[in-house]
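Undergrad: What follows is each chain in one-letter form.
Protein chains: 2
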Amino acid sequence: MAKIDTDVLLIAGHYQATEQIDAFLKKQGYTIAWVETASEVQMACEKSSFKVVLCSLNLRQGYGLDVLRYLIEFYPSLPVVMMAQSAILQDVLNALRSGACDFFIQPQYDLPSLFRSIQKNIRKYRALLDNDAYRKALEENNLQLQLSLKELENDQKAGRHVQQRLFPVSGQELNGCHFSHQLIPSLYLSGDFIDYIALTPEVTFFYLADISGHGASSAFVTVLLKNLSGRFVKSYRRKADSDILSPVVMLQRINQELLETPLGKHLTIVLGVIDQRQNTLCYSVGGHYPLPIFTDESGSRFLSGGGMPVGLFPEPHFEEHVLPLRDIGKWSLTVFSDGILEVMEGRLQDKEQRLLELVQSCDHVPERIVNELDLTALELPDDIALLSVRKI
Amino acid sequence: MAKIDTDVLLIAGHYQATEQIDAFLKKQGYTIAWVETASEVQMACEKSSFKVVLCSLNLRQGYGLDVLRYLIEFYPSLPVVMMAQSAILQDVLNALRSGACDFFIQPQYDLPSLFRSIQKNIRKYRALLDNDAYRKALEENNLQLQLSLKELENDQKAGRHVQQRLFPVSGQELNGCHFSHQLIPSLYLSGDFIDYIALTPEVTFFYLADISGHGASSAFVTVLLKNLSGRFVKSYRRKADSDILSPVVMLQRINQELLETPLGKHLTIVLGVIDQRQNTLCYSVGGHYPLPIFTDESGSRFLSGGGMPVGLFPEPHFEEHVLPLRDIGKWSLTVFSDGILEVMEGRLQDKEQRLLELVQSCDHVPERIVNELDLTALELPDDIALLSVRKI
Chain A
1 MAKIDTDVLL
11 IAGHYQATEQ
21 IDAFLKKQGY
31 TIAWVETASE
41 VQMACEKSSF
51 KVVLCSLNLR
61 QGYGLDVLRY
71 LIEFYPSLPV
81 VMMAQSAILQ
91 DVLNALRSGA
101 CDFFIQPQYD
111 LPSLFRSIQK
121 NIRKYRALLD
131 NDAYRKALEE
141 NNLQLQLSLK
151 ELENDQKAGR
161 HVQQRLFPVS
171 GQELNGCHFS
181 HQLIPSLYLS
191 GDFIDYIALT
201 PEVTFFYLAD
211 ISGHGASSAF
221 VTVLLKNLSG
231 RFVKSYRRKA
241 DSDILSPVVM
251 LQRINQELLE
261 TPLGKHLTIV
271 LGVIDQRQNT
281 LCYSVGGHYP
291 LPIFTDESGS
301 RFLSGGGMPV
311 GLFPEPHFEE
321 HVLPLRDIGK
331 WSLTVFSDGI
341 LEVMEGRLQD
351 KEQRLLELVQ
361 SCDHVPERIV
371 NELDLTALEL
381 PDDIALLSVR
391 KI
Chain B
1 MAKIDTDVLL
11 IAGHYQATEQ
21 IDAFLKKQGY
31 TIAWVETASE
41 VQMACEKSSF
51 KVVLCSLNLR
61 QGYGLDVLRY
71 LIEFYPSLPV
81 VMMAQSAILQ
91 DVLNALRSGA
101 CDFFIQPQYD
111 LPSLFRSIQK
121 NIRKYRALLD
131 NDAYRKALEE
141 NNLQLQLSLK
151 ELENDQKAGR
161 HVQQRLFPVS
171 GQELNGCHFS
181 HQLIPSLYLS
191 GDFIDYIALT
201 PEVTFFYLAD
211 ISGHGASSAF
221 VTVLLKNLSG
231 RFVKSYRRKA
241 DSDILSPVVM
251 LQRINQELLE
261 TPLGKHLTIV
271 LGVIDQRQNT
281 LCYSVGGHYP
291 LPIFTDESGS
301 RFLSGGGMPV
311 GLFPEPHFEE
321 HVLPLRDIGK
331 WSLTVFSDGI
341 LEVMEGRLQD
351 KEQRLLELVQ
361 SCDHVPERIV
371 NELDLTALEL
381 PDDIALLSVR
391 KI
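Protein chains in written order, with UniProt numbering: chain A, 1 to 392; chain B, 1 to 392.
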């Protein structure tokens with residue numbers, strides 16, 4: 001049963017002084033429960049909740065100090081003000097030591113002072129209750145937030161787990177080249193995508209795409225992209241067409257597909273084909289930045305690029321570049337998504353220079369680059385992807 | 001500068017009694033800062049943080065009550081125990097009224113009692129500080145949780161926004177039928193998917209699919225499904241093939257595509273074609289439950305089904321059912337995803353009966369069914385999708 005809310009519990013005999021207190025407090029707007037004997041206190045406390053207790057040291061039945069000790073034991077935060085018609089020093093000290101928060105002698109002569117004490121103690125008690133209630137609300141809120149967060153995190157983790165299946169196994173040897181990659185999504189789901197696949201024992205196809213935005217909405221497009229390139233691989237293998245051998249044709253097909261899909265997303269991409277028969281690297285850049293970094297015996301440089309983002313324009317312009325590899329011994333190629341630039345400081349030109357030095361000092365090994373920049377420890381504003389192709 | 005942590009601030013002249021207190025407390029293991037005059041108190045409090053103050057009423061310089069009032073004003077939670085070599089009742093009452101938490105006369109004779117008081121007050125003060133620290137930690141934790149949750153929610157909302165684009169506009173008239181749907185995801189992203197499209201002015205294609213699981217990972221497959229069916233629509237329109245006219249062929253193609261995609265997901269589906277020339281509803285059920293509900297003048301019934309889930313088996317079995325519509329005037333068809341069964345109570349048989357009554361009483365209108373079951377107010381364990389086709 002809910003307790004009745006009462007301001008003051010007055011425990012005192014029916015004297016003129018007590019009546020004055022009762023009348024005075026009522027006049028101040030307080031609700032009062034008045035009991036005369038110690039034996040009535042327990043029931044009063046079970047029936048009502050009080051904000052302050054005003055207890056006489058001298059009761060007709062029972063002892064005020066016993067009542068005080070009972071209250072302190074069972075309602076430790078409830079303030080108890082003691083009072084007496086007359087008292088000796090030791091009475092006051094005893095009351096104090098037993099937990100009284102104030103003591104009044106002959107209060108009828110100083111009702112305003114008693115009133116102030118009651119006000120102050122009620123205020124303190126309320127603050128205590130408020131504080132308790134606030135803490136409880138915080139705790140509950142916290143628990144609720146943790147549950148909601150856990151639910152969303154689990155959903156994202158499940159999504160991430162499924163998305164991981166779309167990526168190739170990093171560290172593969174395909175037709176004389178070592179392919180590896182690193183992917184650090186800013187949240188759980190990645191809007192960057194990478195794939196590499198040996199079409200024949202002599203031709204290898206690869207790409208790195210960076211879908212506009214990041215997170216769940218961009219991750220949708222990675223699924224499409226994987227599906228699309230998979231279809232082209234399939235139709236090439238069953239000799240239906242050889243679209244996949246031409247990076248420009250591939251960009252046009254992806255462009256068309258994205259425009260037809262109502263997702264409203266576009267992407268930038270570097271897409272290439274390494275042909276061992278002709279000893280060439282044929283690639284196209286669809287609005288991608290930074291440009292691919294190529295390293296041979298003469299050092300590292302950005303390859304030339306050009307071309308529009310993919311999925312924005314009905315008639316986009318793309319370029320196909322052919323890099324002859326015949327006279328080059330060892331070479332390496334590294335492609336970054338533009339998230340890498342957001343974790344570097346300085347002017348764009350400095351960042352580009354830094355990237356060139358970085359891939360060279362890390363020998364185009366994605367893991368080393370990630371460690372060098374301490375990427376996994378950072379809060380990333382965008383996904384970061386690195387694709388590396390190294391001639392074995 | 002960090003304050004030195006000291007247990008007791010002792011403010012008293014150098015009497016034998018004070019020395020006894022100092023020695024006694026030190027023996028109990030307390031650290032003590034001892035100042036003799038009121039003027040030293042401020043600096044002591046700036047230098048150290050105390051857990052309790054022991055202040056003499058009678059100081060050589062300054063008044064103990066003034067020190068008490070200063071401490072209560074600037075360090076309101078710090079407990080102050082007053083003491084005096086001798087005192088009158090009014091001194092004690094004044095100290096009490098000014099905020100002292102205890103008072104001792106000639107403490108040298110009752111050091112254990114003073115010690116208990118100090119212990120008790122230190123304990124209370126510590127609890128107060130701990131409570132404050134705990135509340136602050138809760139508040140900070142709360143804020144952090146809210147930020148993390150907001151980030152994930154925003155990501156999911158963005159994903160949801162993009163996913164919404166894949167769905168047809170609900171409430172379309174296509175070739176003499178009214179198509180509408182409702183979709184209530186259990187989180188943000190849906191693993192249920194619906195589409196309907198007029199292939200020609202006489203042939204309409206539709207499906208409702210329920211992808212295994214729910215949330216982000218399942219939502220990936222809705223993108224694939226939309227893309228796949230879009231491709232079949234396209235190839236039908238450019239007369240490359242008419243696979244889309246056969247529900248069984250479509251299920252086989254979707255099955256194959258899912259098996260080839262490394263997402264590791266399967267789905268159940270009801271897929272149909274309404275042909276006005278032949279006046280037929282041709283449909284297939286891929287492991288979907290509950291079965292589609294068909295209503296004509298003779299009442300509502302579940303259509304016959306059969307067929308395996310899609311994307312699990314390399315050689316699945318699907319059936320094609322043809323329902324002649326020639327002799328039927330008005331008819332309606334409603335398909336639910338199985339999430340609907342999870343919010344209904346009772347045995348499966350009862351739920352099926354309830355569904356039949358529900359679609360009839362709600363006249364196959366998805367909005368009414370959603371309202372009738374109060375679905376938007378529920379915490380859904382799985383996505384719920386409803387597709388309705390009504391002959392106009």
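Honestly, the hints are just simulated from the structure, not real lab data. There could be a bad hint or two in this list.
Copies of the same chain are indistinguishable here, so a pair counts whether it falls within one copy or spans any two.
No more than 20 Å apart at the CA atoms, straight line, and that leaves these computed lysine to any residue pairs for SDA-like [as the list claims (entries may be wrong)]:
{"id": "1", "residue 1": "K3", "residue 2": "P262"}
{"id": "2", "residue 1": "K157", "residue 2": "D382"}
{"id": "3", "residue 1": "K27", "residue 2": "L356"}
{"id": "4", "residue 1": "K391", "residue 2": "D327"}
{"id": "5", "residue 1": "K47", "residue 2": "Y30"}
{"id": "6", "residue 1": "K265", "residue 2": "H161"}
{"id": "7", "residue 1": "K234", "residue 2": "E372"}
{"id": "8", "residue 1": "K265", "residue 2": "N154"}
{"id": "9", "residue 1": "K234", "residue 2": "D350"}
{"id": "10", "residue 1": "K124", "residue 2": "S300"}
{"id": "11", "residue 1": "K26", "residue 2": "P316"}
{"id": "12", "residue 1": "K157", "residue 2": "D327"}
{"id": "13", "residue 1": "K157", "residue 2": "P314"}
{"id": "14", "residue 1": "K330", "residue 2": "D350"}
{"id": "15", "residue 1": "K124", "residue 2": "I72"}
{"id": "16", "residue 1": "K234", "residue 2": "Q90"}
{"id": "17", "residue 1": "K3", "residue 2": "E260"}
{"id": "18", "residue 1": "K27", "residue 2": "V249"}
{"id": "19", "residue 1": "K26", "residue 2": "P112"}
{"id": "20", "residue 1": "K150", "residue 2": "E342"}
{"id": "21", "residue 1": "K157", "residue 2": "K265"}
{"id": "22", "residue 1": "K124", "residue 2": "R135"}
Undergrad: Determine for every hint whether it applies to the structure shown.
TA: Results of checking the hints against the structure:
Proximity of K3 and P262 under a CA criterion of 20 Å is satisfied in neither setting, with 61 Å inside one chain copy and 63 Å between copies. Taking the shortest alpha-carbon separations for K157 and D382, both the intra-copy value of 18 Å and the inter-copy value of 17 Å come in at or below 20 Å. For a Cα distance limit of 20 Å, the shortest separation of K27 from L356 qualifies neither inside one copy, at 84 Å, nor across copies, at 68 Å. Within a single copy, K391 and D327 get their C-alpha atoms as close as 13 Å, which meets the 20 Å cut-off; across copies the closest is 71 Å, which misses it.
Only within a single protomer do K47 and Y30 lie at most 20 Å apart by alpha-carbon distance; the minimum there is 17 Å, versus 44 Å between protomers. Proximity of K265 to H161 under the C-alpha cut-off of 20 Å is restricted to the inter-copy arrangement: shortest distance 12 Å between copies versus 22 Å within a copy. For the identical chains of this complex, K234 and E372 are neighbours neither inside a copy (38 Å) nor across copies (49 Å), given an alpha-carbon limit of 20 Å. With identical chains, the CA atoms of K265 and N154 are at most 20 Å apart between copies only, with a shortest distance of 17 Å across copies and 25 Å within one.
Taking the closest pair of Cα atoms, K234 and D350 never come within 20 Å of each other, the shortest separation being 43 Å inside a single copy and 48 Å across copies. In the homo-oligomer, the alpha carbons of K124 and S300 never lie at most 20 Å apart, since the shortest distance is 72 Å inside one protomer and 68 Å across protomers. Taking the closest pair of Cα atoms, K26 and P316 never come within 20 Å of each other, the shortest separation being 85 Å inside a single copy and 85 Å across copies. Taking identical chains as interchangeable, the C-alpha atoms of K157 and D327 are never at most 20 Å apart, the minima being 47 Å within one chain and 52 Å between chains.
Taking identical chains as interchangeable, the C-alpha atoms of K157 and P314 are never at most 20 Å apart, the minima being 36 Å within one chain and 28 Å between chains. Taking the shortest Cα distances, K330 and D350 never come within 20 Å of each other, neither inside one copy (27 Å) nor across copies (72 Å). For a Cα distance limit of 20 Å, the shortest separation of K124 from I72 qualifies both inside one copy, at 16 Å, and across copies, at 14 Å. Taking identical chains as interchangeable, the C-alpha atoms of K234 and Q90 are never at most 20 Å apart, the minima being 99 Å within one chain and 100 Å between chains.
Taking the shortest Cα distances, K3 and E260 never come within 20 Å of each other, neither inside one copy (67 Å) nor across copies (67 Å). For the homomeric pair K27 and V249, neither the shortest alpha-carbon distance inside one copy (91 Å) nor that between copies (88 Å) is at most 20 Å. In this homomeric assembly, K26 and P112 come within 20 Å of each other (Cα to Cα) only inside a single copy, at 13 Å, whereas the closest approach across copies is 43 Å. In the homo-oligomer, the alpha carbons of K150 and E342 never lie at most 20 Å apart, since the shortest distance is 29 Å inside one protomer and 22 Å across protomers.
In the homo-oligomer, the alpha carbons of K157 and K265 lie at most 20 Å apart only across protomers (15 Å), although the nearest pairing inside one protomer, at 23 Å, exceeds that limit. When the C-alpha separation of K124 and R135 is checked against a cutoff of 20 Å, the pair qualifies both within a copy, at 16 Å, and between copies, at 18 Å.
The structure does not agree with the numbered hints 1, 3, 7, 9, 10, 11, 12, 13, 14, 16, 17, 18, 20 stated previously, though it agrees with the rest.
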